[in-house]
Amino acid sequence: MSEIEIINPETVSRPAGTYSHVARVPAGATLVVIAGQVAIGPDGKLVAVDDIEGQCAQVFDNIGAALEAAGARWANVIQTMTFLTRREDVPRLRAWRTREFPRFWPEGRYPPSTLLVVSGLANEEMLVEVQALAAI
Amino acid sequence: MSEIEIINPETVSRPAGTYSHVARVPAGATLVVIAGQVAIGPDGKLVAVDDIEGQCAQVFDNIGAALEAAGARWANVIQTMTFLTRREDVPRLRAWRTREFPRFWPEGRYPPSTLLVVSGLANEEMLVEVQALAAI
Amino acid sequence: MSEIEIINPETVSRPAGTYSHVARVPAGATLVVIAGQVAIGPDGKLVAVDDIEGQCAQVFDNIGAALEAAGARWANVIQTMTFLTRREDVPRLRAWRTREFPRFWPEGRYPPSTLLVVSGLANEEMLVEVQALAAI
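Protein chains in written order, with the numbering used here: chain A, 1 to 136; chain B, 1 to 136; chain C, 1 to 136.
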């Protein structure tokens, strides 16, 4: 596959955070679908109760492991959807992403992303879930 | 197309339910996008008012019909997203899936899936909506 | 790529609005992923405070601009997901779509779509967010 293009059109206001407006995936890509990941550690237990930053760290560890198992890397991610259960975690999530995302996408080529505050996830202690799509 | 790979990496805790962490779709697939399906029967009326299990049955009948119309089967599903409007339906949905999903995916090769509790769907009587993606 | 097929199977109740049940994307498509768009104008400011119709107009302007930047047109859209923060905006969104969507999809070949009412978006003044997927 030729490279994924990350596009931020001049006709749309510059992204107000660590995301881009468009990812364009050339024909012939292998698609990788990753289930919504939550802050469950390798031992099957939820980590970082009541701690959004700690939960984010585990969620992105899980996504990284899932990408690797599929033969993909962070640069292959073409979409993330993030679901929070508490409005007050929006600025905390933002701060975490601003600090940590450059580690995953060092060139600032952030994937398109959508952020929703929802009423609940599979379990009441889960504060964040992130679903991702990648193309190789 | 070569076969869809369903992957549950050893580095991520085993899925706590009828889903898998990753689906990997080889290049050259035909993609099938299915709109969020609700419990509307063939006559255009909502079925199973106030009954999450009855609504799930209709929703998955609709998805099955949509897959068939697109020339796909359950084994082709690479993602589902499930939206519930009542937190108390989470365990009921889980029980329904545990009972019924082996009929759709007899080998336990469940597609990646995301579950959200939301504030509402298109209409207040709808308790569940499921969106699916498939690859042929 | 051969053309995207829009399918409304006879086995599923006719769509109750401006959407279709299935989009089938032939192999060999270029995929375009568009981040959830909100009612931010070109100057980076939210438009149409407390006005769902005005916010919809800006959101779809942004999606149109993103499609264009990726070399796609409305006919290439294969999925939209719409997120509202107020239940009372559901009929208003519906009315807006009924009025405006024929402009984007003049032949009535509406893409599959999912509508959710959620607890919040990135910022409390945002009333609507729309995420889209296209295939060229």
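Simulated from the structure, these hints should not be mistaken for laboratory data.
Nothing here was measured: the structure is a model prediction, and the numbers come from that model.
Incorrect hints may have been included.
A pair holds if it fits inside one copy or across any two, identical chains being indistinguishable in the list.
Unchecked claim - Simulated pairs of lysine to any residue, SDA-like, Cα-Cα distance not exceeding 20 Å:
id, residue 1, residue 2
1, Lys45, Val118
2, Lys45, Pro102
3, Lys45, Glu3
4, Lys45, Phe104
5, Lys45, Asn8
6, Lys45, Met126
7, Lys45, Trp96
8, Lys45, Arg94
9, Lys45, Trp105
10, Lys45, Ala75
The hints, checked one at a time:
1. Lys45 x Val118: Neither way: Lys45 and Val118 sit 22 Å apart in one copy and 24 Å across, limit 20 Å.
2. Lys45 x Pro102: neither (28 Å within a copy, 25 Å between copies)
3. Lys45 x Glu3: Close neither inside one copy (37 Å) nor across copies (32 Å); limit 20 Å.
4. Lys45 x Phe104: neither (25 Å within a copy, 29 Å between copies)
5. Lys45 x Asn8: Between. Shortest inter-copy distance 17 Å satisfies the 20 Å Cα cut-off; intra-copy 39 Å does not.
6. Lys45 x Met126: within (11 Å within a copy, 32 Å between copies)
7. Lys45 x Trp96: neither (22 Å within a copy, 24 Å between copies)
8. Lys45 x Arg94: between (25 Å within a copy, 18 Å between copies)
9. Lys45 x Trp105: neither (28 Å within a copy, 27 Å between copies)
10. Lys45 x Ala75: Neither, since 29 Å and 30 Å both go past 20 Å.
Of the numbered hints listed earlier, those contradicted by the structure are 1, 2, 3, 4, 7, 9 and 10.
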